[in-house]
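Construct all of the structure, not just a fragment, from the sequences and the given hints.
Protein chains: 4
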Amino acid sequence: MTTTEPAGLPVAEPVEAHGDHGHAVHGYHDQKAEHLKRLRRIEGQIRGLQRMVDEDVYCIDILTQVSASTKALQSFALQLLEEHLRHCVADAAVKGGDEIDAKVEEATKAIARMMRT
Amino acid sequence: MTTTEPAGLPVAEPVEAHGDHGHAVHGYHDQKAEHLKRLRRIEGQIRGLQRMVDEDVYCIDILTQVSASTKALQSFALQLLEEHLRHCVADAAVKGGDEIDAKVEEATKAIARMMRT
Amino acid sequence: MTTTEPAGLPVAEPVEAHGDHGHAVHGYHDQKAEHLKRLRRIEGQIRGLQRMVDEDVYCIDILTQVSASTKALQSFALQLLEEHLRHCVADAAVKGGDEIDAKVEEATKAIARMMRT
Amino acid sequence: MTTTEPAGLPVAEPVEAHGDHGHAVHGYHDQKAEHLKRLRRIEGQIRGLQRMVDEDVYCIDILTQVSASTKALQSFALQLLEEHLRHCVADAAVKGGDEIDAKVEEATKAIARMMRT
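Going down the list, the protein sequences come from chains A, B, C and D. Note that full-length UniProt numbering has the first sequence beginning at 1, numbered continuously upward. Note that full-length UniProt numbering has the second sequence beginning at 1, numbered continuously upward. Note that full-length UniProt numbering has the third sequence beginning at 1, numbered continuously upward. Note that full-length UniProt numbering has the fourth sequence beginning at 1, numbered continuously upward.
Don't read these hints as lab results, they were simulated from the structure. Being a predicted model, the structure only gives us computed values, none of them experimental. It cannot be assumed that every hint is accurate.
It does not matter which identical chain is used: a pair holds within one copy or between any two.
Said to hold, decoys possible - In silico DSSO-like pairs for lysine-lysine, Cα to Cα no more than 27 Å straight-line: (1) Lys109 with Lys71; (2) Lys71 with Lys32; (3) Lys71 with Lys37; (4) Lys109 with Lys32; (5) Lys109 with Lys95.
In structure tokens, the structure reads:
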């Protein structure tokens, strides 16, 4: 699946915003609705964890839910990263000059942070 | 949850509850207030992520915040696991019999799930 | 190491060695042959990586092989950890006293290091 | 550090090979000597692990060494990935067409595999 259309979600962005990757409109812009939906689901998982702790649920069952939340966060990060590579990094490559080096170094550092958690 | 005990200090559980690791009182019982505080902070981080996406913050800055949230979740999981080993697993060892094998296998599987995310 | 015992089967250690978890005989003692077999397989994977780099294999294919080696190392670590919990940590719990706290803290720190890589 | 010169290591590649990212000469080509050095060091760590198991070293000390080896593998993977993004992915962006989408998807899947181990 390499299309940049949001998965199963209509977005309200006007078509003319596409292709503008300036300061305020980043690679993930078109998937905004999908990203917010994912994050609200994760927020619900974290509230679920609070209920579990409050109701003295068995430790191992809480750990299973923590793993699910962590996985959901990593999956969100990967989607964001994919859009970043496709838009911001690819744009820097097309522009030419030194910017591509800085962008790739920055992206690699972000990936390193994601791997270390 | 209305308790105001500071994290890491003894909480006002009656002494007779200690040592009872039955259905409703698990290893993490005494740290309940601290756990809930941590989870509410993580919930705040997730809401912060929603604001960042909504305000079109730069992708890499969002990824940095995702890594911080994942790290906080992992740190919560590690504390829960430590308490589980100290109470549930150690209790099973003291009791003797086959239960220790089941408890250790269960804990190892939970650790494997945490490592894979 | 010349033993040929199949992995996971009882090895020819004298019975009197069992239960002695002193300096030289740790929890993983009985699985020694299996552990060495796993580690030699991982060593072979690392040599395979050197061949791949030397033969200019495509970066992504090398990354796939790195992930396989990392997974094999993590899986080895998890088995070692399971045996450590079952033997060293459980023994400390049975002995009573403060040792269990130290053992659990030490194991949790090792798990934290494994999760951060 | 964004220069593509190998860190502290003279490489024997003729200068005219630079810029040729065809089938047999990938992004990591210039760092070949450095990569092989890293991998040989990791191979040495794995052999060190075999010695530790053979000499019945304490489980936790073995786990610490496993974490160091995993970290070294991840660090090697990150360097390879950075070079891949800088060369193969950036080249696809410059070429234009659909290839950039395929390259970014492929790289993201490799990163996902690295994160899950």
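- Query: For lysine 109 vs lysine 71, is the C-alpha pair at or below 27 Å within one copy, between two copies, both, or neither?
  - Reply: For lysine 109 and lysine 71, the Cα distance is within 27 Å both inside one copy (20 Å) and across copies (15 Å).
- Item | Intra/inter-copy verdict for lysine 109 and lysine 95 if alpha-carbon distance must be at most 27 Å | both (22 Å within a copy, 26 Å between copies)
- Item | Intra- versus inter-subunit Cα pairing at 27 Å for lysine 109 with lysine 32 | Cα proximity of lysine 109 and lysine 32: in one copy and across copies (24 Å, 21 Å).
- Message: At most 27 Å between alpha carbons: which applies to lysine 71 and lysine 32, within, between, both or neither?
- Response: both (20 Å within a copy, 24 Å between copies)
- Could you figure out if lysine 71 and lysine 37 sit no more than 27 Å apart (CA to CA) within one copy, between two copies, both or neither? Both. Shortest intra-copy (16 Å) and inter-copy (22 Å) distances satisfy the 27 Å Cα cut-off.
In terms of the numbered hints stated before, the structure departs from none.
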